[in-house]
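Novice: Residue numbers (my numbering), protein chains in the order written: chain S, 1 to 414; chain P, 1 to 128.
Simulated from the structure, these hints should not be mistaken for laboratory data. Misleading hints may appear alongside valid ones.
Calculated from the model, a selection of chain P residues having no Cβ within reach of chain S, i.e. all distances over 10 Å [said to hold, decoys possible]:
no.	residue
1	PRO38
2	PHE46
3	GLN51
4	ARG80
5	ALA95
6	THR105
Lysine-lysine pairs mimicking DSS-like chemistry, simulated, CA-CA at most 25 Å apart [said to hold, decoys possible]:
no.	chain 1	residue 1	chain 2	residue 2
7	S	LYS189	S	LYS7
8	P	LYS12	S	LYS411
9	S	LYS130	S	LYS29
10	S	LYS229	S	LYS411
11	P	LYS12	S	LYS112
12	S	LYS189	S	LYS177
13	P	LYS61	P	LYS35
14	P	LYS10	S	LYS112
15	S	LYS54	S	LYS105
16	S	LYS29	S	LYS54
17	P	LYS61	P	LYS12
18	P	LYS10	S	LYS130
19	S	LYS29	S	LYS112
20	P	LYS10	S	LYS411
21	S	LYS364	S	LYS7
22	S	LYS177	P	LYS35
23	S	LYS112	S	LYS54
24	S	LYS411	S	LYS130
Glycine included, C-beta positions come from ideal geometry on N, C-alpha and C.
As a plain string of letters, each chain reads:
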Amino acid sequence: MPPGLDKLQHIVVLMMENRSFDHMLGALKAVNPAIDGVDPDAFSNPDAMNNPVKPQPLAAFQGQLSPDPDHHFPAVDVQIFGGATGPGRVANMQGFVASYFHQRKDLAHSQKIMYYFPNDPANGLPVLSKLALEFAVFNRWFASIPGPTICNRAFAHYGTSFGRVDMDPFDIIEPIKSIYTRMITATPKHSAKVYYYDTSSSTMEVANLLQHQTEQFGTYPQFLSDCDKGILPQYSFVEPNFSDHDSDEGEEVANDQHPDHDVQAGEVLIAEVYNHVRNSPNWENTALLVVYDEHGGIFDHVPPPPCPADTFHSSQVDPGTGLPFQFDRLGVRVPAILISPWIPRGTVVDRVFDHASIPATITKFFLGSYPHVSLRETNADVFIEPNDGSGNLANNLLSLNVMRDDCPNFKIRR
Amino acid sequence: METIIVPRPKSKRDPNRPASGLLLAQIHHLHEAEKGLPPQYHSGIFYQGIQTEGEAANYIKAVTEAIHRAHDDAAAERTRPVPKRKRVIEIAAVADEAAERKRRTSSGAKKTAKKATKKKRGKGGRKS
Numbered sequence: 001m002p003p004g005l006d007k008l009q010h011i012v013v014l015m016m017e018n019r020s021f022d023h024m025l026g027a028l029k030a031v032n033p034a035i036d037g038v039d040p041d042a043f044s045n046p047d048a049m050n051n052p053v054k055p056q057p058l059a060a061f062q063g064q065l066s067p068d069p070d071h072h073f074p075a076v077d078v079q080i081f082g083g084a085t086g087p088g089r090v091a092n093m094q095g096f097v098a099s100y101f102h103q104r105k106d107l108a109h110s111q112k113i114m115y116y117f118p119n120d121p122a123n124g125l126p127v128l129s130k131l132a133l134e135f136a137v138f139n140r141w142f143a144s145i146p147g148p149t150i151c152n153r154a155f156a157h158y159g160t161s162f163g164r165v166d167m168d169p170f171d172i173i174e175p176i177k178s179i180y181t182r183m184i185t186a187t188p189k190h191s192a193k194v195y196y197y198d199t200s201s202s203t204m205e206v207a208n209l210l211q212h213q214t215e216q217f218g219t220y221p222q223f224l225s226d227c228d229k230g231i232l233p234q235y236s237f238v239e240p241n242f243s244d245h246d247s248d249e250g251e252e253v254a255n256d257q258h259p260d261h262d263v264q265a266g267e268v269l270i271a272e273v274y275n276h277v278r279n280s281p282n283w284e285n286t287a288l289l290v291v292y293d294e295h296g297g298i299f300d301h302v303p304p305p306p307c308p309a310d311t312f313h314s315s316q317v318d319p320g321t322g323l324p325f326q327f328d329r330l331g332v333r334v335p336a337i338l339i340s341p342w343i344p345r346g347t348v349v350d351r352v353f354d355h356a357s358i359p360a361t362i363t364k365f366f367l368g369s370y371p372h373v374s375l376r377e378t379n380a381d382v383f384i385e386p387n388d389g390s391g392n393l394a395n396n397l398l399s400l401n402v403m404r405d406d407c408p409n410f411k412i413r414r
Numbered sequence: 001m002e003t004i005i006v007p008r009p010k011s012k013r014d015p016n017r018p019a020s021g022l023l024l025a026q027i028h029h030l031h032e033a034e035k036g037l038p039p040q041y042h043s044g045i046f047y048q049g050i051q052t053e054g055e056a057a058n059y060i061k062a063v064t065e066a067i068h069r070a071h072d073d074a075a076a077e078r079t080r081p082v083p084k085r086k087r088v089i090e091i092a093a094v095a096d097e098a099a100e101r102k103r104r105t106s107s108g109a110k111k112t113a114k115k116a117t118k119k120k121r122g123k124g125g126r127k128s
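Make a model of the complete structure from these sequences and hints.
Specialist: Here it is, written out as structure tokens:
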């Protein structure tokens, strides 16, 4: 058994908000051609005058994407299919500019949806870029559904959104349980926790988790402390700060990177989480996944593939598009990076993943199996192979025989 | 080991920023959860009037902490010692004693009254 897998005891997932793969990591194609990022000569979108709009490395940290690009199901359908609705339509990723134009009717402004971050220290994303180049970046991690946050995060917690593509509260449909419940009710008992930033930010999973299982929650300062003390649970899910607000610690700036929050604040958060995991007594037996919940309406050039339909079909005959949705197509591509000292530098993964891969991975690694999971979770690939001999070691990303001692550190300016 | 400098954001906190659709959805979820709490845990905040991030954060904090408090209080109630049954027996025993005392008192009063009547008769003859 590879030592990285053999020693693994803790998995941490940090889920950020509303940015696409090309928008955040597209510039890295120029550094590592294996990363399926932006080729401005190979991809464009038509604007309202049918002129081609190419991607440009002009994304700004804040103040550019206002109004918030539409990322609800009907708008994402336009973005993916270029506005086509008939049978036999093909996903061509030609509708981003048109979709954004629809919101403000401003031709010049609509083109900003095609901006991405350059790979330079002053205007780029030094943290996310460095992590993507140093560890394992996923070329094909997609949102679970072509729609908004609540449903996509539901796939990370339950392996399904129970037939929902909207943002309203939903009921869990038994016997499917959250990954946290599976862990803490297993025999022997395992440990899992959701760490939200603070009570003013709270969690996005209120309807079922927070309302009924408050004991499964901690705060971000507790996460950092648990890292430092080496007492992380086996599975940790970390949520960013979703709003600007005051706290007992002072002023808090939103760091979820949801437009139009400051992207640099999110870079600081990612760096801080990484630093604490990196400097934890558990570093050699921890893996950290940094992933985004959905693309936020921002461009990406890779068409999401079809997938096996979920257990639950859309509870609405028409989810706003005129067509029923069978949960048989993934959402738009998002940044996803797996971090561990056992992963070779420059690893690029081309297999297809979505957020159902998260409960699938945690279940298979820590529990072996669980009888009641959705079809989407059953069919999801795992990003960490089980170390009980049942995994496919050819897919193991923690493949080094000797732990790296050259992992980067981030120094956050005061 | 390479060290990468991470700049702090230049932007300042802006609690007057209009709340995003995501935050408005979150407070809708919290409102539904708040409805399930007993009245003493309700925030008293009119959630449909929330428009800014700062207002949203205040409501989110109030309801999140209320949910935690309600669960903590319920857990404390479950572990609170249950009053022992002998208190019921003691109360019943005290009641029995009081009844017995009353009975004895009233029968003693009757005996005294009888004696007084006999003495009276002794002086004056039969009761008419």
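Novice: So, for every hint listed, does it hold in this structure?
Specialist: Here's how the hints hold up against the structure:
No beta-carbon of chain S comes within 10 Å of the beta-carbon of P:PRO38; the shortest separation is about 14 Å. Residue-level check passed: P:PHE46 sits 18 Å from the nearest beta carbon of chain S, beyond 10 Å. Taking the minimum C-beta to C-beta distance to chain S, about 13 Å, the non-interface status of P:GLN51 holds against the 10 Å cut. No beta-carbon of chain S comes within 10 Å of the beta-carbon of P:ARG80; the shortest separation is about 18 Å.
Every Cβ of chain S is farther than 10 Å from the Cβ of P:ALA95; the closest lies at roughly 45 Å, confirming the non-interface assignment. Distance check on P:THR105: its Cβ is at least 59 Å (rounded) from any Cβ of chain S, clearing the 10 Å threshold; non-interface status holds. Proximity of S:LYS189 to S:LYS7 is assessed by CA-CA distance (about 19 Å); at most 25 Å being required, the pair is judged to hold. For the hint linking P:LYS12 to S:LYS411, the alpha-carbon distance of about 21 Å falls within 25 Å, and the restraint holds.
Taking the CA atoms of S:LYS130 and S:LYS29, the gap is near 13 Å; set against the 25 Å cutoff, the hint holds. The hinted pair formed by S:LYS229 and S:LYS411 meets the criterion: a straight-line CA distance of about 21 Å does not exceed 25 Å. The hinted pair formed by P:LYS12 and S:LYS112 meets the criterion: a straight-line CA distance of about 23 Å does not exceed 25 Å. Pair hint S:LYS189 plus S:LYS177 holds up; C-alpha atoms about 15 Å apart against a cutoff of 25 Å.
At roughly 16 Å between alpha-carbon atoms, P:LYS61 and P:LYS35 fall within 25 Å of each other, so this suggested pair holds. Of the supplied pair hints, the one linking P:LYS10 and S:LYS112 holds, its CA atoms being roughly 21 Å apart against a limit of 25 Å. In summary, the hint linking S:LYS54 to S:LYS105 is supported, as the alpha carbons are separated by about 19 Å, within the 25 Å threshold. For the hint linking S:LYS29 to S:LYS54, the alpha-carbon distance of about 16 Å falls within 25 Å, and the restraint holds.
Between the alpha carbons of P:LYS61 and P:LYS12 the distance comes to roughly 21 Å, so the proposed pair stays at or under 25 Å and holds. Pair hint P:LYS10 plus S:LYS130 holds up; C-alpha atoms about 21 Å apart against a cutoff of 25 Å. Proposed proximity of S:LYS29 and S:LYS112 is supported: the alpha carbons are some 20 Å apart, at most 25 Å. Simply put, P:LYS10 and S:LYS411 have alpha-carbon atoms about 17 Å apart, close enough for the 25 Å limit, and the pair holds.
For the given pair, S:LYS364 sits about 16 Å from S:LYS7 by alpha-carbon distance, which is consistent with the 25 Å threshold. For the proposed pair S:LYS177 and P:LYS35, the alpha carbon gap of about 23 Å is at most 25 Å, so the pair holds. In summary, the hint linking S:LYS112 to S:LYS54 is supported, as the alpha carbons are separated by about 10 Å, within the 25 Å threshold. Distance check on the hinted pair: S:LYS411 and S:LYS130 sit about 13 Å apart at the alpha-carbon level, within 25 Å; holds.
In terms of the numbered hints stated before, the structure departs from none.
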